[in-house]
Amino acid sequence: MKIAVCIKQVPDSWAQKTMGPDGRLDRASVDAVLNDLDEYAIESALALVEGNSPTGESGEGSGHTITVISMGPDRASEALRKALSMGVDDAILISDDALAGTDALATSKVLAKVISDGGFDMVICGTESTDARMSVIPAMLAERLNFAQLTFAGSVAVDGNSVKISRQTEFGVEEMSAEFPVVVSVVEKINEPRYPSFKGIMASKKKPLITKNLADISIAASDVGTSAAWSSVKDSLPRPPRGAGIKIVDDGTGGNQLVAFLAERKLV
Amino acid sequence: MSTVLILVDSVGGKVSKATAELATFGKKIGDVVAVICSSDAAALLPQLANLSIDRTLSCTGVDFEKHSTGATASALAAVIAKESPSAVLIASTARGKEIAGRLAVKCESGVITDAIDLDADLIATQSVFGGSTTVHSTVTHGTPIITIRGNAIEATSGSATPAHEDFAVTYDGLDKAKVLSLAPAVKGGRPELTEASIVVSGGKGTDGNFAPVEAFADSLGAAVGASRAATDAGWYPHSHQVGQTGKTVSPQLYVAAGISGAIQHRAGMQTSKTIVAINKDPEAPIFDVADFGVVGDLFAVLPQASDGVIAKKG
Ligand SMILES: Cc1cc2nc3c(=O)[nH]c(=O)nc-3n(C[C@H](O)[C@H](O)[C@H](O)COP(=O)(O)OP(=O)(O)OC[C@H]3O[C@@H](n4cnc5c(N)ncnc54)[C@H](O)[C@@H]3O)c2cc1C
Ligand SMILES: Nc1ncnc2c1ncn2[C@@H]1O[C@H](COP(=O)(O)O)[C@@H](O)[C@H]1O
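Protein sequences, first through last, are from chains A and B.
Letter by letter, the first sequence follows residues 3 to 270 in my numbering.
Letter by letter, the second sequence follows residues -6 to 307 in my numbering.
Bear in mind the hints are in silico, worked out from the structure with no lab data behind them.
By construction, the Cβ of each residue, glycine as well, lies at the ideal position given by its N, Cα and C atoms.
A hint or two may mislead.
Here are some chain A residues pointing at chain B (derived, C-beta under 10 Å) [claimed, not checked]:
1) ASP33
2) ASP105
3) ALA106
4) THR171
5) PHE173
6) PHE200
7) ASP218
8) PRO240
9) ASP252
10) ASP253
11) ASN258
12) VAL270
Generate coordinates for the entire structure from the input sequences, incorporating the hints supplied.
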């Protein structure tokens, strides 16, 4: 099987994030890391290949390959390198100045183009990027690619061309299945992502990481970027800090003081 | 008068509170048409009376529960073509956001997710970066598709018997994903986590004993939540996890007991109107977002507070 894993480089979750004057996240001032929720997607791909390959390895000869794909600035190659050192086979970065300010719709268009050009059986995503937090890219990819959609998977199994997942939703615990090609997104409970080994880091240096621009994938610059975004930010303001809260040390009446506070706020 | 579509949100044949809230937002913009995409339509319909809904419309001919969100997005696209609404409002659940995403692609329309407010001019308010920034945005292309978080508005009432029509849709099964089996979520006696106006959550600090958390929740008529440390330890079901990879809640009151306040936890509760924290550690980051913090042992503070609430209620 041919698996694509979509990963994103995001500002560190712990960093203080601010908006620039253009109404976009100021990315330059914060550390960038591989979206931690995408590590579970990488691990799932590796585990599926190892479980389905006679040698327990992917790459040429096993009949299985894993390609990581990211759309982002040049430095997003760091996130792709990390995935390569975890064990995936090759990486594609879509980077182009015209992509600045691209919304989720156009992001899904770019990713879908790369995926359909690559002829993948299965696309694995994380459930959300910790910066945008929209949780829509996997569904948009399924819609654009006309692939079956198996999202929020808590477990994934592949048998021949058939994929089975189980997931927890508002409705309960569901088992779903579909035939290739499929888009899967995985939740963080699915596995424990591996750390890159020394051997993996060394090997990753020799693995292909291809950077493509929009012309390479035949997408017009006018289809992406700020001017092609179908929603626009009018303004953004730092929220006034929560008025300094009251903090008391329990002296044996903490519970009662809490109730008094709730009563004052008319919450009881 | 313009028309606004709202997608009726339901679980297990019960219309959710989010639906009434969507209707209330919709009414600010125009006439509200509530669209049902469910095989439970007959059971849902009577529950749509007395909400801010002008008309109801059931999409028929597709077994929506058997497919993933592609079927619902496809039906909604057909309704958009028929009604030319000025906006489509959907509940900001995991499912709702997927439907919105697919619909946006299908109808070539802009999409905004997780709005916490929406005005008559379709300007949406979002709270981003863990609640530290408020953003106002609009859709600039196509039919605005906006998902709205629960508890963002006080639902108002409206027509006792909105006019109803059935609308036949087809689904070419493009989305080949099938639901093989469903073990329905067991309903406890407590309110639904994402709907509750009060949520009391416990974390690692409970050491596996959720009794004081549940007792305090019950005294307030609240839902019970948990941190990932607590759900991972198996102390509370995963479906009750609050946070980045759990549920996002935005109640009137959120109580965090024995929870440190990691960024991933805060991502799921920071837009709560009032936040209370009980933690032994005065340095716990949860105190940074708390309106009222008690530095103390939850096993002492919660039982005393439960007794206090019960006494107050008489
Ligand atoms: C990819 C990813 C996704 C995640 N998603 C989520 C998520 O959705 N939700 C989530 O919650 N977390 C999530 N986390 C985990 C998060 O980082 C924290 O590890 C977790 O929230 C910690 O839970 P906790 O506060 O209960 O435990 P701890 O951090 O261990 O805190 C326990 C607190 O209890 C206090 N305490 C101990 N005993 C008592 C007592 N008797 N009385 C009062 N206080 C006491 C301690 O002082 C401490 O502050 C995620 C992490 C990752 C990496
Ligand atoms: N720019 C991107 N490049 C590659 N994959 C992405 C990108 N943005 C989002 N994704 C994937 O889509 C998932 C959901 O992201 P989002 O819809 O932005 O919350 C992520 O976990 C990634 O797997």
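* Enumerated hints in conflict with the structure, sorted upward -> Result: hints 1, 6, 7 break, sorted rising.
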